[in-house]
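Student: Letter by letter, the chains look like this.
There are 2 protein chains.
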Amino acid sequence: MSEIQIKSAEAKRASVSLASVPSSIKDLALETMAKALEDSTDFILEQNHKDVDAAIAGGRPKAFVDRLLLNDKRIADMAEGLRQIKALPDPIGEIISGWTRPNGLEIAQRRVPMGVVSIIYESRPNVTADAIGLCIKTANSVVLKGGSDALHSNQAISDTLSAAAYKAGIPEGAIQLICDTDRNSVIELMNQRGVIDVLIPRGGAGLIKTVVENSKVPVIETGAGNCHVYVDEECDLEMALSIVINSKTHRPGVCNAAEKLLIHRKIAPKLLPIIAEQLQSKSVELRGCPEAFELVDGLTPASEEDWHEEYLDLIMAIKIVDSVDEAISHITKYSTGHSEAIVTNNIFNAQRFTSEVDSAAVYVNASTRFTDGFEFGFGAEIGISTQKLHARGPMGLEALTTLKYVVTGTGQIR
Amino acid sequence: MSEIQIKSAEAKRASVSLASVPSSIKDLALETMAKALEDSTDFILEQNHKDVDAAIAGGRPKAFVDRLLLNDKRIADMAEGLRQIKALPDPIGEIISGWTRPNGLEIAQRRVPMGVVSIIYESRPNVTADAIGLCIKTANSVVLKGGSDALHSNQAISDTLSAAAYKAGIPEGAIQLICDTDRNSVIELMNQRGVIDVLIPRGGAGLIKTVVENSKVPVIETGAGNCHVYVDEECDLEMALSIVINSKTHRPGVCNAAEKLLIHRKIAPKLLPIIAEQLQSKSVELRGCPEAFELVDGLTPASEEDWHEEYLDLIMAIKIVDSVDEAISHITKYSTGHSEAIVTNNIFNAQRFTSEVDSAAVYVNASTRFTDGFEFGFGAEIGISTQKLHARGPMGLEALTTLKYVVTGTGQIR
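Chains X and C supply the protein sequences, listed in that same order. Under our numbering, the residue at position 98 of the first sequence is numbered 98, and the numbers go up by one with no gaps. Under our numbering, the residue at position 50 of the second sequence is numbered 464, and the numbers go up by one with no gaps.
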């Protein structure tokens, strides 16, 4: 048996008794884990240096090395993250609904753990602590597959946390880190149907696409955001300006940043030059349709590719549209279904937009940047789902749970 | 473009306006469709005869021909099914939850259609009407791929229903039947990620396995049931007997029928011979572990394969166990996660069983045969999901919906 088969099977075994571990033990484990991280800071940093040195020697870009690098502050943040997860209400055991049938059968729909959750991620070692914490809180076993560049760091964090968790009463085997750095190991993980219950890829578009298209294990897609802001004919100009600027420039490298601006033809001549100037003053490169080209200096023509692309950068493509209908059609054609906003004074256009735009989050008069587990008030975030099955939009702890029908009778038969 | 690409794209286009069609129009459409089925009975039967004649000429087994055959009663039942769907509450538009953030943003989680639902099914033409009805009620476009043996029947039903639906105000293009009978067309359907939102295979284990393992479109698995009844040491003997007999023999060919009996060692010598005799008197073939072999005449030894198998037939395998723990371990190892029952007087064993057995439905002192959308009171059933993502257990209309966050602000930015 390969490492993945052995560790997945151990995780599955542990998941049976983990499912009924009470909140008090899970919370004790999270506190013990946070303390252990703090106490093991030197060891973790020592291991992290091996990864960082190798990355530098390997000529990895600076941004890559920065994501990999740990320091006292980052380890303290991981510990703090575990304590925040501890403070959240435990979703497991909640009765979602229940009723009694005419024959006296009592049906209760109970929230239970998924079983075994696997997370595939890239170079940030803090995901290791975050993922383990979220899975322990939801009573799931976890099988982690981090980037090979972060292996020493991930092992140090995982070893520290699992020792602490088991000491606190979490069943042994519930936390597994895959050390096999062969690329085929991802394929093997994707084949563990029946052992791993859900697979969550966290990383670049390439990783997510590979997993979504090839996995036999059910996947939660945490996807790309080609987000749109549509500025309607009737709107508050100041509000439109601030929402566009914020959606695009507040943090351009994340999935809820706006990539496209759609603006109504009637208001474009007046408003677009002002918006464009402010965007350009914040170093945003502008591309656009021929009409936008006429109105904005320094704007270059957008290609068909542009309308599809998630730039994750200080670039924005602008299209002038005739109506809310044309805005909705454009979004329907090009959006990745993440977040879209309308800025309008017209309630009917707002209603059309929210009912016909098929995205995880649809905004009226607010920035797309709010699509985020913490901004929504969840206190934790597994990621932002752009699929429609199971979880859609920012995912809190509940995304790591499933439901079970518990049916109690007094001898009923059909 | 292939037929599948064209029809999927048409379904997707129609889904945008279909999403906001009000309940009154959807219900009018369902009534019009029911009436149209009744009015077109002769035409549908005529087309059905072509399929039936071809099946008989092709030497198909009697059971196959029977599933394919329509008559006045079966068409009337389809119409009645549409009227039952009409009578159900409309799940679309329900606000699941909503709250206001400290910054004043109002967040509402609204139930919305999936978009485009595709159903792949085998020879029963009544699934055509059922699937179209469920999708119209939930404002989903539907792309159907029925068995090639039922093509004339399916076309007649689909043409009748779509004409009626469009007349009532459902957007044209919302109902699509794939006529391409090439086996590769299933593969093409599974590749329509981004156009088709969810794919539901309804049919034999082979079809389901192929779809689950190869689809790039998210799948809801409606799966196999290797269901267990565990009879505990302390139990009501009459109740144990009636639950085992009912779970196994009431309708042995369906997925919620019990396939395995686990019985506690302390009670087996007294109870097992009585259960076995009654099962045998109902023509159930018994297989079992060596100890069961000692206690029951006419029982043959069970192989390792037996413990995995879903017989869907009058066969039951019996294992004697030492404890509720051994029963749970056995179920964890061999169950398909559909339905399992414990018969016990002991509340602690009942609690252990319901919390540790990881199946969609877990029963205390009732027959496994109740895992069914109608028995649960849903008024409709899409199928029974054995996966943990999105929907688990009997699926009602809600399984064909997803959620969308509608966020309303007054100019909020981050």
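Read the hints as simulated data drawn from the structure, not as lab findings. Backbone N, C-alpha and C fix where the C-beta goes; we use that ideal spot for every residue, glycine too. Some clues are possibly wrong.
Computed beta-carbon distance windows for the label pairs [stated by the list, open to error]:
1) C/Glu445 to X/Asp313: 49 to 55 Å
2) C/Thr714 to X/Gly194: 26 to 32 Å
3) C/His722 to X/Leu207: 30 to 36 Å
4) C/Asp739 to X/Pro61: 50 to 56 Å
5) X/Asp322 to C/Glu586: 19 to 25 Å
6) X/Gln351 to C/Asp650: 57 to 63 Å
7) X/Glu326 to C/Glu586: 38 to 44 Å
8) C/Gly825 to X/Glu305: 31 to 37 Å
9) C/Asp739 to X/Met1: 56 to 62 Å
Student: Run every hint past the structure and note whether it holds.
Tutor: Comparing the hints with the structure gives:
1. Against the hinted window of 49 to 55 Å, the Cβ-Cβ separation of C/Glu445 and X/Asp313 comes to about 53 Å, which satisfies the hint.
2. At roughly 28 Å, the beta carbons of C/Thr714 and X/Gly194 sit within the given window of 26 to 32 Å.
3. C/His722 and X/Leu207 have their C-beta atoms about 34 Å apart, which keeps the hinted 30 to 36 Å range intact.
4. Taken as a hint, the range 50 to 56 Å holds for the pair C/Asp739 and X/Pro61, whose Cβ atoms sit roughly 54 Å apart.
5. Distance hint for X/Asp322 and C/Glu586: a CB-CB separation of about 24 Å, consistent with the stated range 19 to 25 Å.
6. For the pair X/Gln351 and C/Asp650, the beta carbons lie near 58 Å from each other, so the given range of 57 to 63 Å is met.
7. Look at X/Glu326 against C/Glu586: about 21 Å separates their beta carbons, and that is not inside 38 to 44 Å.
8. A hinted range of 31 to 37 Å for the beta carbons of C/Gly825 and X/Glu305 is consistent with their spacing of about 32 Å.
9. About 25 Å separates the C-beta atoms of C/Asp739 and X/Met1, a value inconsistent with the hinted range of 56 to 62 Å.
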